[in-house]
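Enquirer: I would like the entire structure built from these sequences, with the hints used as guidance.
For the record, the sequence lines run as chains R and L. When we follow numbering that gives the first Met the number 0, the leftmost residue of the first sequence carries the number 0, and every step to the right adds one. When we follow numbering that gives the first Met the number 0, the leftmost residue of the second sequence carries the number 0, and every step to the right adds one.
No wet-lab data here; the hints were simulated from the structure. We put the CB at the ideal spot given by N, CA and C, even for glycine. It is possible that part of the hints are untrue.
[What the hints assert, rightly or not] Chain R stretches covered by chain L per the calculated footprint, using a threshold of three residues with CB under 8 angstroms from any CB of chain L:
#1 14 to 23
#2 33 to 46
#3 50 to 59
#4 145 to 154
#5 172 to 184
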Amino acid sequence: MMNDSEEDSVTTITDNLLLERMSQGDVASFETLFHQHYDRVYGLLFRLVGNRVEAEDLTQEVFLKLHQHAFAKNRFSLQREHNLSAWLFRVATNMGYNAIRGRKRRWQRNMVLVPDPQGSPNAEREVERREQETAVRNALSRLPERQVQLLLMRQMEFSYAECAEACGVAAGSVGTLLARASKAFRDAYEEETGERER
Amino acid sequence: MTQDDRELQEVMNQLSLLEPGPGDVPKPASRALAEVQRQIHAPRSTPLHTFWRSFFANSNRRMATAVALLTLVFAFALSFPSVRAAASDFLGLFRVQKFAAIAISPQQLAVLSRIAEEGLMPGEIEVLSEPGATHSVASLQDAAQAAAMDRVRTPSLLGDADTVFVMDGGQARLTLDLEGVREILTMAGADPSLLPDSLDGTQVDVVVYAGIELDWDDGTWLVQMPSPLVTYPEDLNYVMLGEALLQALGMSPDEAARLAQQVDWTSTLLLPIPQSTANFNEVNINGSSGLALSSLDDDYGAVIWQQDGILYLLSGQGSVNELIRLANSVR
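Expert: Laid out in structure tokens, this is it:
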């Protein structure tokens, strides 16, 4: 069985080969990368924006950006190793936050990470679940973006190396940063649920 | 397992509430990929094309962007060139010599967006000739000829542009409807009584000249065009209009009144910049005043300046300082 970092380096090498082929105009490589990363990019965006349609649209935007960078702008230098996963998740996080900010602008909401009010679940249990989900989102909205990204990526079982690269921190500091983010989340969640009960 | 690990695990469990449920499964990757490929192969809009279209080139968009248009008309009406200075004693004419940016808060932007969505119009807009059609041309000489400019200015620090476009000019007339303008101002939180009754029916003509856009494959682009021309009745009180505009953009009445008196409205193009999208600062390009903008969302920036009656907009990836360096090499 491979450990985290071995698996990462295999993925990175494969991605780099595909990126190299993409830069030479190979459309099939783009398709392969799309299929490889689609679910996880969508998963991260769904957790951020809380809405299927919006997360699907944003996922497509992320891959359009990848295409633009690789084909039209040749941004991925062949001489350099790239961690494509990290790049994709960084772009996805930025886009997710932009979408939330846009939603805030449209609706004049004060909270970040508010779930889009799609559907109206009637079942009591579902209502309770949605309330908990809202409390989690509201708690996350009190945290800096990098902490949110780190927590969500780890919850999605990204490796420390991927988290580090996507968040722009040293791999060795991920554990400490996660512990700090986790504490910040628990404090925010307590405040959130305390405020709701008051 | 340490205490930290246990606490982290608890948080991970709480965060699992955000996972997509059975009803949140995305469309199949193959379908999503097909949609992405359709977008990739859709006809390309050039940045210049998009720039103009977002203002008034497209009729559907035009009807839906009353605020953008209002801002544009105010900005243009308070700005333009003296090309026709001798044309009439009865018309006011302005030239862009400098730029001023005003930051718009997310809250005010939401208000303005809502006004736009409601389709409120400041009057009747008649497009006499539609601007925006973009043509690719083979050389800089062809571009200069098509745009009726003496020559095309290029940044000496960059190589030849990979693509050259010319965009057609156009002409539009706005006949102000005082009631409409006051309604927009009221919704925007500005004082509608700032505008005198005599404003009703005022005609403002906007002429946009053909422009040239140079694109480089690294994502850098440069747009250049003669200053658009705006003509309006000589007795139009532009200080009062400026004050109303500043209030509509979110300034307090006191601030708006003070700034409206300070701004030289005959030579300043006002650029409203949403606070949440970009930072800006004043810069000097080849001895002329300009503005540098850096996007907060990604690493793109832009520099806008005017020189010898030509407006320039340079945009690209990288630091703003690098863009300023490129802008200073435009000759």
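Enquirer: Work down the list of hints and note, for each, if the structure agrees.
Expert: Results of checking the hints against the structure:
1. With 0 residues bearing a CB less than 8 angstroms from a CB of chain L, the segment 14 to 23 of chain R misses the requirement of three and the coverage assertion fails.
2. Under a criterion of three residues with beta carbons nearer than 8 angstroms to beta carbons of chain L, the stated coverage of the segment 33 to 46 of chain R is upheld, 8 such residues being counted.
3. Coverage of a stretch by a chain is defined here by at least three residues with a beta carbon nearer than 8 angstroms to that chain's beta carbons; for the segment 50 to 59 of chain R and chain L the count is 5, and the condition holds.
4. By the rule of at least three residues with a Cβ nearer than 8 angstroms to a Cβ of chain L, the coverage given for the segment 145 to 154 of chain R holds, with 4 such residues.
5. Counting residues of the segment 172 to 184 of chain R whose C-beta lies closer than 8 angstroms to any C-beta of chain L gives 5; at least three are required, and the coverage claim holds.
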